[in-house]
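Student: Read off the chains here:
There are 2 protein chains.
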Amino acid sequence: MEIRRIAEVLKQGQPEETVTIAGWVRTKRELKGFAFMEVNDGSCMANLQVVLDPQVPDYDTLVQTINTGASVVVKGNLVPSPGKGQRIELKATTVTLYGEADPQTYPLQKKRHSFEFLRTIAHLRSRTNTLGAVMRVRNACANAIHRFFQERGFLWVHTPIITASDCEGAGELFTVTSLDFNKLPRNKQQEIDFSQDFFGKRAYLTVSGQLEAEIMALAFQNVYTFGPTFRAENSNTSRHLAEFWMVEPEMAFCDLNGDQDLAEAFLKYIFKFVLDHCQEDMEFFNQRIDNTVLETAENIINNEFGRITYTEAIALLEKADRQFEYPVEWGVDLQSEHERYLAEELFKKPLIVSNYPKDIKAFYMRLNDDDKTVAAMDVLAPKIGEIIGGSQREERLDVLENRIAQMGLPPEDLWWYLDLRRFGTVPHAGFGLGFERVVQFMTGMGNIRDVIPFPRTPLSAEF
Amino acid sequence: MEIRRIAEVLKQGQPEETVTIAGWVRTKRELKGFAFMEVNDGSCMANLQVVLDPQVPDYDTLVQTINTGASVVVKGNLVPSPGKGQRIELKATTVTLYGEADPQTYPLQKKRHSFEFLRTIAHLRSRTNTLGAVMRVRNACANAIHRFFQERGFLWVHTPIITASDCEGAGELFTVTSLDFNKLPRNKQQEIDFSQDFFGKRAYLTVSGQLEAEIMALAFQNVYTFGPTFRAENSNTSRHLAEFWMVEPEMAFCDLNGDQDLAEAFLKYIFKFVLDHCQEDMEFFNQRIDNTVLETAENIINNEFGRITYTEAIALLEKADRQFEYPVEWGVDLQSEHERYLAEELFKKPLIVSNYPKDIKAFYMRLNDDDKTVAAMDVLAPKIGEIIGGSQREERLDVLENRIAQMGLPPEDLWWYLDLRRFGTVPHAGFGLGFERVVQFMTGMGNIRDVIPFPRTPLSAEF
Chain V
1 MEIRRIAEVL KQGQPEETVT IAGWVRTKRE LKGFAFMEVN DGSCMANLQV VLDPQVPDYD
61 TLVQTINTGA SVVVKGNLVP SPGKGQRIEL KATTVTLYGE ADPQTYPLQK KRHSFEFLRT
121 IAHLRSRTNT LGAVMRVRNA CANAIHRFFQ ERGFLWVHTP IITASDCEGA GELFTVTSLD
181 FNKLPRNKQQ EIDFSQDFFG KRAYLTVSGQ LEAEIMALAF QNVYTFGPTF RAENSNTSRH
241 LAEFWMVEPE MAFCDLNGDQ DLAEAFLKYI FKFVLDHCQE DMEFFNQRID NTVLETAENI
301 INNEFGRITY TEAIALLEKA DRQFEYPVEW GVDLQSEHER YLAEELFKKP LIVSNYPKDI
361 KAFYMRLNDD DKTVAAMDVL APKIGEIIGG SQREERLDVL ENRIAQMGLP PEDLWWYLDL
421 RRFGTVPHAG FGLGFERVVQ FMTGMGNIRD VIPFPRTPLS AEF
Chain C
464 MEIRRIAEVL KQGQPEETVT IAGWVRTKRE LKGFAFMEVN DGSCMANLQV VLDPQVPDYD
524 TLVQTINTGA SVVVKGNLVP SPGKGQRIEL KATTVTLYGE ADPQTYPLQK KRHSFEFLRT
584 IAHLRSRTNT LGAVMRVRNA CANAIHRFFQ ERGFLWVHTP IITASDCEGA GELFTVTSLD
644 FNKLPRNKQQ EIDFSQDFFG KRAYLTVSGQ LEAEIMALAF QNVYTFGPTF RAENSNTSRH
704 LAEFWMVEPE MAFCDLNGDQ DLAEAFLKYI FKFVLDHCQE DMEFFNQRID NTVLETAENI
764 INNEFGRITY TEAIALLEKA DRQFEYPVEW GVDLQSEHER YLAEELFKKP LIVSNYPKDI
824 KAFYMRLNDD DKTVAAMDVL APKIGEIIGG SQREERLDVL ENRIAQMGLP PEDLWWYLDL
884 RRFGTVPHAG FGLGFERVVQ FMTGMGNIRD VIPFPRTPLS AEF
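Protein chains in written order, with this note's numbering: chain V, 1 to 463; chain C, 464 to 926.
The shape of chain V in the complex, shown without the other chains:
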């Protein structure tokens, strides 16, 4: 008995074919002498309609015990469907009920549930239309990312999750330890003695794989990371997760222009791939969640991204006929309201802003000849703001050492990062893409907790 997927049967199944499908019952209806079940197996949003007549063995028991949420395997013959919206349906010859779902206790009855409620049953919510579609789109995005880079000869490199370096300084770090909290070792100065911890020093969860990706780019030219990253930031917002996935390509012999070219090609590829592979799901999001998502995706795919410098962006913002909450002047970081004004209202398409003031950017970004700006870039997209942040990296040993000293970072922790500039250094560049942000952008889902299977947030690590 070969089980076929419902997506494939709905697309390619022919009348009179005998097929077996397996899935979960979304609804059951009884008419006089017949019963109908809508069965979903997660392969697509659409259900397959199954018709049961009294000749099906155990008809009466089945019709009584099958309810929303029950799991069934159905063997039968495909027949043309008289109903609208479906080409074929399945006339059952045998139905096996594997697991019941008591209508009194099964939380997913056929009605609208709030996303807040669904988060409390994250072990069941992927069985709903919306979360099912989110996870399929998420998978398609992830698949697109690997395909994009592999087609171009980039190596997927696994940078470490546990790190002893806190140099990125991108906010709060989680500590990873195997010390016994009740017998914490202390040194002579009465400080916690992390030399007795598992790694012989204090260890953290990574906030970025970039520095290690640079190592690999200086051996393989083009590489990318795609893995989990962490922030111990106590932000209970719809935009923050303590654990999220990030993509970070890194290219040797590449400058900020090449970096921008890659970012643009990359975003276009992902969006096109998802539109091509998740048409039904994307139409659902457009109808039910945000009626601009298809338009926004087309906008990304079909427009050449705008490219301006930070200095030009500030001039445009100063000329804007509007009051911003955060006033604008050269040197300030762009706020979300500024980014959205530029991308949504002024350019009406994705926009790359480059060459930011050095004082608001990280130590590893390449200092420009003006000595005031660094070769950084942000990709701003209509409706979402910053979606990618990247830079050309400082490849000159003396300049980098100066920046590290100015910013008060411990050079001894960065000995290997400096070595990369000592031995065969090259211009190189890369960027970071928050994976969940892309899925949000794609689907129009308002809360980042609804685009990852099991969100980790303050006071929440259930499932």
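Hint data in this document are derived by calculation from the structure and do not stem from the laboratory. Each residue gets a CB set at the ideal place from its N, CA and C atoms; glycine is no exception. Mixed in with the good hints there might be a few duds.
Said to hold, decoys possible - A partial selection of chain C residues facing chain V, derived with a Cβ cut-off under 7 Å:
(1) Ala485
(2) Ser534
(3) Gly616
(4) Pro623
(5) Ala627
(6) Ile655
(7) Trp708
(8) Arg919
(9) Phe926
The hints should help you fit chain C onto chain V, whose structure is shown.
Tutor: Frame of chain V, contents of chain C only:
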């Protein structure tokens, strides 16, 4: 100036073509009036030979300052190579030296370095032949894994890294915390009060995504995880890492036979993919690291895997005309020596052993009708032993509750796992593959620390 990759130039470049390549100098030789550089860009093991004559601008300075490890961009014309082992070489017209590498201090001079030494310079070791080949094979394995599952309609699901559950019980756990170690909150019983920690309870690094993958399989039928997992085991061996990558497929409406079929097809696919895509690297491993790796790979690809039960395996071991260090009798766990005897000597091919005694296996494995064994399986491969472990999961609520009680696990922590058996439960099965083990197996590398870019082991989290 479009930079072409050396792998592609070596394969497809034609004499008289003008090309630009970029990479790192492996060796430089001067002859009277000429200089030769071997340049590598990480795209393949082979170097491109570059010929410099005095007409190249700055010839004298270049020849003096370019040493092993220097980074260069070379523009020139391809010419047929008179040397053996190479079809073409590059006659330089211009050479740009980006970064020097001082022969007095650059650690990677042209000589054999021990793998132990190379681990201390993990930021440079990927520039060596062996580690370069390892990382390319690692990428090919990873790519093969995604392709295998995506072609078959499995969704890649991201199960959480941070978890509040320690139910898998697969050894020691790392704690993840943002508590201040110098001001640890305590409750009235003077215990550490993890309710004040970031997640409101004690949190750990995951040891497996399986339980969450089951959630997703019961919505999407077929899913897989591929991500980092952790063990705080103080094992300083060549087989253990504190952080490693694992692949865990999970299939609904699938029993132990289907699980075995998938495992066999999966391993064959990975090995074939790598042989097809990394021919040169695999020949290197076969010549320089372990002269059986090609044979072993062909053995996996071309043989139907053996399939026996644990009970049959014990009988075979009891009949063996040899003394095992660990004596064999029904009920004991198979040791590495037993597994290798079965796969290498008796079957001489991969072998799947199924239906192990319940007392040596995890709580979630499906109890067989004999009430003594569970529907578990291990795939044993010649030369490496266990490479995959899997099982059909217990889908019957009452049986699972009994097992949880017998094993003294806290059912309240598993409420959602039990819910999966309450609502639309189905037979389902899956397995786990240690990703680094596969890369070791493929390449013949003896130490697991040499098949991951930045190994995390006791007292070591550098880079």
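Student: Now tell me, hint by hint, if it's right for this structure.
Tutor: Against the structure, the hints come out as follows:
| no. | hint | verdict |
| --- | --- | --- |
| 1 | Ala485 | holds (4 Å) |
| 2 | Ser534 | holds (4 Å) |
| 3 | Gly616 | holds (6 Å) |
| 4 | Pro623 | holds (5 Å) |
| 5 | Ala627 | holds (4 Å) |
| 6 | Ile655 | holds (5 Å) |
| 7 | Trp708 | holds (6 Å) |
| 8 | Arg919 | holds (5 Å) |
| 9 | Phe926 | holds (6 Å) |
Checked against the numbered hints above, the structure violates none of them.
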